[in-house]
Amino acid sequence: MKLTLRVWRQKNAEAEGAMSTYEVDGISTDMSFLEMLDTLNEELILKGEDPVAFDHDCREGICGACSLVINGDAHGPERTTTCQLHMRSFEDGDTIDIEPWRASAFPVIKDLVVDRSAFDRIIQAGGYITAPTGAAPEAHATPVPKPDADLAFEHAECIGCGACVAACPNGAAMLFTSAKVNHLNVLPQGAPERETRVLDMVAQMDEEGFGGCTLTGECATACPKGIPLMSITSMNKEWLRATRKAKR
Amino acid sequence: MALATRTDRRPSFARTVWDSTVGKKTVMAVSGLIMLLYLVVHMIGNLKIFFGAGDFNHYAHWLRTVGEPFMHYEWTLWIIRVVLVVAVVAHAVSAYQLSRRDIKARPSKYVHKKPRASYATRTMRWGGVILGLFIVWHLLDLTTGTVHAGGFQEGRPYQNVVDTFSTWYGNVIYIVAMLAVGLHIRHGFWSAAQTLGAGSRTRDRALKATANVLALLLTAGFIAVPVGVMTGVVS
Amino acid sequence: MTYPDYTAYTTGEPVADAKAPSGPVAERWDTRRFEAKLVNPANRRKHTVIVVGTGLAGGSAGATLAEQGYHVVQFCYQDSPRRAHSIAAQGGINAAKNYRNDGDSIHRLFYDTVKGGDFRARESNVHRLAQISVEIIDQCVAQGVPFAREYGGLLDTRSFGGVQVSRTFYARGQTGQQLLLGAYQALSRQIAAGNVEMHPRTEMLDLIVVDGRARGIVARDLITGRISTYFADAVVLASGGYGNVFYLSTNAMNSNATAVWRAHRRGAYFANPCFTQIHPTCIPRTGDHQSKLTLMSESLRNDGRIWVPKAKGDTRPPHQIPEDERDYYLERIYPSFGNLVPRDIASRAAKNVCDEGRGVGPGGQGVYLDFADAIRRMGREAVEAKYGNLFDMYQRITDEDPYQVPMRIYPAVHYTMGGLWVDYDLQTTIPGLFAIGEANFSDHGANRLGASALMQGLADGYFVLPATINDYLARNPHHEPVTDDHPAVQEVLAETEDRLNLLLAVDGDRTPDSFHRELGELMWEFCGMARTDAGLRKALERIPQIRDEFWRRIKVPGTGEEFNQSLEKANRVVDYLELAELMCLDALHRTESCGGHFREESQTPDGEAARKDDEFAYAAAWEFTGTGEAPTLHKEDLVFEYVHPTQRSYA
Numbered sequence: 001m002k003l004t005l006r007v008w009r010q011k012n013a014e015a016e017g018a019m020s021t022y023e024v025d026g027i028s029t030d031m032s033f034l035e036m037l038d039t040l041n042e043e044l045i046l047k048g049e050d051p052v053a054f055d056h057d058c059r060e061g062i063c064g065a066c067s068l069v070i071n072g073d074a075h076g077p078e079r080t081t082t083c084q085l086h087m088r089s090f091e092d093g094d095t096i097d098i099e100p101w102r103a104s105a106f107p108v109i110k111d112l113v114v115d116r117s118a119f120d121r122i123i124q125a126g127g128y129i130t131a132p133t134g135a136a137p138e139a140h141a142t143p144v145p146k147p148d149a150d151l152a153f154e155h156a157e158c159i160g161c162g163a164c165v166a167a168c169p170n171g172a173a174m175l176f177t178s179a180k181v182n183h184l185n186v187l188p189q190g191a192p193e194r195e196t197r198v199l200d201m202v203a204q205m206d207e208e209g210f211g212g213c214t215l216t217g218e219c220a221t222a223c224p225k226g227i228p229l230m231s232i233t234s235m236n237k238e239w240l241r242a243t244r245k246a247k248r
Numbered sequence: 001m002a003l004a005t006r007t008d009r010r011p012s013f014a015r016t017v018w019d020s021t022v023g024k025k026t027v028m029a030v031s032g033l034i035m036l037l038y039l040v041v042h043m044i045g046n047l048k049i050f051f052g053a054g055d056f057n058h059y060a061h062w063l064r065t066v067g068e069p070f071m072h073y074e075w076t077l078w079i080i081r082v083v084l085v086v087a088v089v090a091h092a093v094s095a096y097q098l099s100r101r102d103i104k105a106r107p108s109k110y111v112h113k114k115p116r117a118s119y120a121t122r123t124m125r126w127g128g129v130i131l132g133l134f135i136v137w138h139l140l141d142l143t144t145g146t147v148h149a150g151g152f153q154e155g156r157p158y159q160n161v162v163d164t165f166s167t168w169y170g171n172v173i174y175i176v177a178m179l180a181v182g183l184h185i186r187h188g189f190w191s192a193a194q195t196l197g198a199g200s201r202t203r204d205r206a207l208k209a210t211a212n213v214l215a216l217l218l219t220a221g222f223i224a225v226p227v228g229v230m231t232g233v234v235s
Numbered sequence: 001m002t003y004p005d006y007t008a009y010t011t012g013e014p015v016a017d018a019k020a021p022s023g024p025v026a027e028r029w030d031t032r033r034f035e036a037k038l039v040n041p042a043n044r045r046k047h048t049v050i051v052v053g054t055g056l057a058g059g060s061a062g063a064t065l066a067e068q069g070y071h072v073v074q075f076c077y078q079d080s081p082r083r084a085h086s087i088a089a090q091g092g093i094n095a096a097k098n099y100r101n102d103g104d105s106i107h108r109l110f111y112d113t114v115k116g117g118d119f120r121a122r123e124s125n126v127h128r129l130a131q132i133s134v135e136i137i138d139q140c141v142a143q144g145v146p147f148a149r150e151y152g153g154l155l156d157t158r159s160f161g162g163v164q165v166s167r168t169f170y171a172r173g174q175t176g177q178q179l180l181l182g183a184y185q186a187l188s189r190q191i192a193a194g195n196v197e198m199h200p201r202t203e204m205l206d207l208i209v210v211d212g213r214a215r216g217i218v219a220r221d222l223i224t225g226r227i228s229t230y231f232a233d234a235v236v237l238a239s240g241g242y243g244n245v246f247y248l249s250t251n252a253m254n255s256n257a258t259a260v261w262r263a264h265r266r267g268a269y270f271a272n273p274c275f276t277q278i279h280p281t282c283i284p285r286t287g288d289h290q291s292k293l294t295l296m297s298e299s300l301r302n303d304g305r306i307w308v309p310k311a312k313g314d315t316r317p318p319h320q321i322p323e324d325e326r327d328y329y330l331e332r333i334y335p336s337f338g339n340l341v342p343r344d345i346a347s348r349a350a351k352n353v354c355d356e357g358r359g360v361g362p363g364g365q366g367v368y369l370d371f372a373d374a375i376r377r378m379g380r381e382a383v384e385a386k387y388g389n390l391f392d393m394y395q396r397i398t399d400e401d402p403y404q405v406p407m408r409i410y411p412a413v414h415y416t417m418g419g420l421w422v423d424y425d426l427q428t429t430i431p432g433l434f435a436i437g438e439a440n441f442s443d444h445g446a447n448r449l450g451a452s453a454l455m456q457g458l459a460d461g462y463f464v465l466p467a468t469i470n471d472y473l474a475r476n477p478h479h480e481p482v483t484d485d486h487p488a489v490q491e492v493l494a495e496t497e498d499r500l501n502l503l504l505a506v507d508g509d510r511t512p513d514s515f516h517r518e519l520g521e522l523m524w525e526f527c528g529m530a531r532t533d534a535g536l537r538k539a540l541e542r543i544p545q546i547r548d549e550f551w552r553r554i555k556v557p558g559t560g561e562e563f564n565q566s567l568e569k570a571n572r573v574v575d576y577l578e579l580a581e582l583m584c585l586d587a588l589h590r591t592e593s594c595g596g597h598f599r600e601e602s603q604t605p606d607g608e609a610a611r612k613d614d615e616f617a618y619a620a621a622w623e624f625t626g627t628g629e630a631p632t633l634h635k636e637d638l639v640f641e642y643v644h645p646t647q648r649s650y651a
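Protein chains in written order, with the numbering used here: chain A, 1 to 248; chain B, 1 to 235; chain C, 1 to 651.
The reader is advised that the hints may include incorrect statements.
Claimed, not checked - Calculated pairs, EDC-like style, for lysine to aspartate or glutamate (alpha carbon to alpha carbon, straight line, at most 20 angstroms):
(1) C:Lys386 <-> A:Glu154
(2) B:Lys114 <-> A:Asp97
(3) A:Lys47 <-> C:Asp509
(4) A:Lys11 <-> C:Glu561
(5) B:Lys104 <-> A:Glu14
(6) B:Lys104 <-> A:Glu208
(7) A:Lys237 <-> A:Glu193
(8) B:Lys104 <-> A:Glu16
(9) B:Lys113 <-> A:Asp97
Because the hints were derived from the structure by calculation, they are not lab data.
Quick caveat: nothing in here was measured; it's all calculated off a predicted structure.
The following block holds chain A by itself, in its conformation from the complex (with noise of 0.2 angstroms):
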């Protein structure tokens, strides 16, 4: 495949960004999207020129560091992360624009990479469970009903990629600080700081300067685990829950 590459690029954080075109040939189509940007950047190493930077990992879909938008759409056009997205979602001769994650929230550090602690710090404003080492009771001492486990276990799939604030018009953080209040909200090991934490969690995301939610849908869409939109109403519903409830 011969593809036409419109990439971001941008030296640094202060620096102003601009679309550059690159064409690459030879790509196969069982590559992922990430190997065709590997080769793009051995080419680039060896005429000299700066490679293009971009996030990765795990390259398996799961450690959320990959985040790239393709075409318009997180992750690209299939319902998964970029990493396992492959080349054969593409036609030979097609423009691809390859963009970061944009959000005032997430600001870019060079090229596609971009700034994600806001995230680390809404999970330690309260997307946790106190727990000291040691302290834990018998793992039969509480049973968790099925359904319950079920659920937490779903929305704690969530890999913090950062793809539903890419997606959403309004630069939201609702999908990602929904899902982590829900895993542990359902849980009775989650139940004691139930209150604080969706709270304090809500707080931080507002802090961090991410949007508001207006239920477009896009962040669900675009969500690689599949968290759904119906969090964010969970999520709502444990927050009035908490204001009218909260300790004083």
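Starting from the known structure of chain A, arrange chains B and C on it as the hints suggest.
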């Protein structure tokens, strides 16, 4: 030791709600539902116009005497008006602030543009602005009579309505606004349910269907009046 | 060009684990914990501990040390601690809970692990691991890890990797992810509390040793390129394994060996580097562009049947090959275990049939894993419920529907049992330097059992290290702080800067990846699934040449004072080029076959691995002497008091 206990005091309920994006959305949802309820009542009242001037004018007069003798003349109406103004202002201010925030959260657009989300979703902001302007015109036209075409007659709403819809622009403004109302309700009702946490996987289809039915009924019900005037059913 | 003879290693003093108490194996951990000195809780915040890595071991250690009151300074090269590669572990985590009442016990897990490791692990460590396994499950459940549950609300377990009891706890195919997020969340709580100073996108480039003790690290901020020093009272390496020496492996692209290798260069012994695990069920490579390999859970072997055509070069599509022309070779050779033989055996058997020319798929590097029988027996729905996510993953990568066409699998490098030599306290030969998780060599011997890596990482991080590091800190209070002015620090800093500057200055004509790929292919061929004296010698001849070429022809664009992924990569390849040499030497010197290390010269008449217990019942700990120079071997004799070595038999 690291097992710190939370000691900071939480802000008040009102503060928490107003300072949070989720809270402001709640304000929008509640105020929106109040307005929606009002629209349903308003539309049913409007349809009385098809039963003739007597019925319609009588109904309009009744609106001023509801609750008597406990309430004085027009008291109930004024309470409703105050609630509505509060709802409109809260809805608009929240919407404005949230929109500002949303635009700030996504300062640079993608180079590769793609149509996203449904039409109703994308038109919420502009639809809201159109509706706000419409409400102003609507009040000046049929409540105060300031910009009314033909002689505005206090206490003669039937004639006033017929006057308004006898002008082409009256019909255009009204019908466009009612279509905007339909779209706004279609996304707004479902959205409010999500914001208030009333949505669920099992209920989602029912909620969406309710939103569509409500939007359709209200739009059709409201548009029936100018159509009635235009076709001469109401004159 | 002539190179020094790397194979002319000398054997030095034996190395002994002085920390494991004597007495009954089941009491040793309690004894050690009681004998260990403690640090007064009020004094702990005065002690700084550096933790490198945020995987299961590092994340859990950082969180726990901070909970205890220590000041933790933690590093990861990823943009967030949540992305460490532990996240990719699929199968599960073992624990001797015996919830099934199927005869499991701590002793059985201990026994299985020692036996599974082919009698090259330390009994004391393994027993401790089995003991702690029970606490890990409790801890993780309390943190909200959503393990699979049964309808009664209790935890579900399954049998894994051919073990006869159901002791593996799991969270669908994403157990590693869920356990890691648990540790990450615990760590996040401590970051928010100000007890952990987290440095993401910061890579350790060297270790600072002052007066014989580990006192800090040199690290590079990957965004700004700034090289800084960080000082502490103890340093913990939780930087994972070195599987990426092979270029293609199931490790993450950026997983690397720099932290452990630099520590080795500074005096920490490296033990059993040749013990690498090749996982049998990975998706085969599709071409030269391949950047990494993807593993599919071994649980697939529970219901899938592995076969190749009986005839060489049979290129018919699988459904056209009749039943009697198929060779279900694992079932044929190992009738009692069949498709569930241990990983090393399954991997080697696949290699053998492919070497015979009976492999399938592009390049003949693959065997079929067929679910046709399972679908017939259990129905498509049941297969889907059990393996649906794995099938989806396979289809996404290969574009083939495994419900219709048999999967193709091939072995790939997956885990490295070797690592920094540590004593019972997980301390390396440099006082104050600890190694935990895959970075150390301790618990898996020559072969790791399925679902044991997660167990070991969390055991080390949550329970072992936090108990043993106290003892070191209590006995070694550092009164004088180290600063950048110290000559030892100056020297390390200068060396690091010189190395990076040199990489940038060569301005040659080959990319870092091209060297990495060349080295990887060499290692896979000669130090992969089957090793020979001649092959290893060939590799040992080639590696110095590649290294030499590397320093003449490497091309790294850009500068060191910016975000520069080529520079990161090139610097990692520098260390692979040295570590690979040690792996080959270790493989050459160990003329027996054991676990993941198969020497063709040492096999039983039926082609099974033949151990030589009288010669090689030791852990080989290597001491660094200089780049390309023959290292010194220190042997740690392994004593088996409880599990007596027998030749493994899975026939």
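Consistency of the hints with the structure:
1. C:Lys386 <-> A:Glu154: Since the Cα atoms of C:Lys386 and A:Glu154 sit roughly 16 angstroms apart, the hinted pair holds (cutoff 20 angstroms).
2. B:Lys114 <-> A:Asp97: Holds. B:Lys114 to A:Asp97 sits at ~12 angstroms (cutoff 20 angstroms).
3. A:Lys47 <-> C:Asp509: Holds: A:Lys47 and C:Asp509 sit about 9 angstroms apart, inside 20 angstroms.
4. A:Lys11 <-> C:Glu561: holds, 12 angstroms
5. B:Lys104 <-> A:Glu14: It holds: about 18 angstroms lies between the C-alpha atoms, which stays within 20 angstroms.
6. B:Lys104 <-> A:Glu208: Between B:Lys104 and A:Glu208 the Cα gap is close to 12 angstroms, so the pair holds against 20 angstroms.
7. A:Lys237 <-> A:Glu193: holds, 16 angstroms
8. B:Lys104 <-> A:Glu16: Given that 20 angstroms is the threshold and the Cα spacing comes to 18 angstroms, the pair holds.
9. B:Lys113 <-> A:Asp97: holds, 10 angstroms
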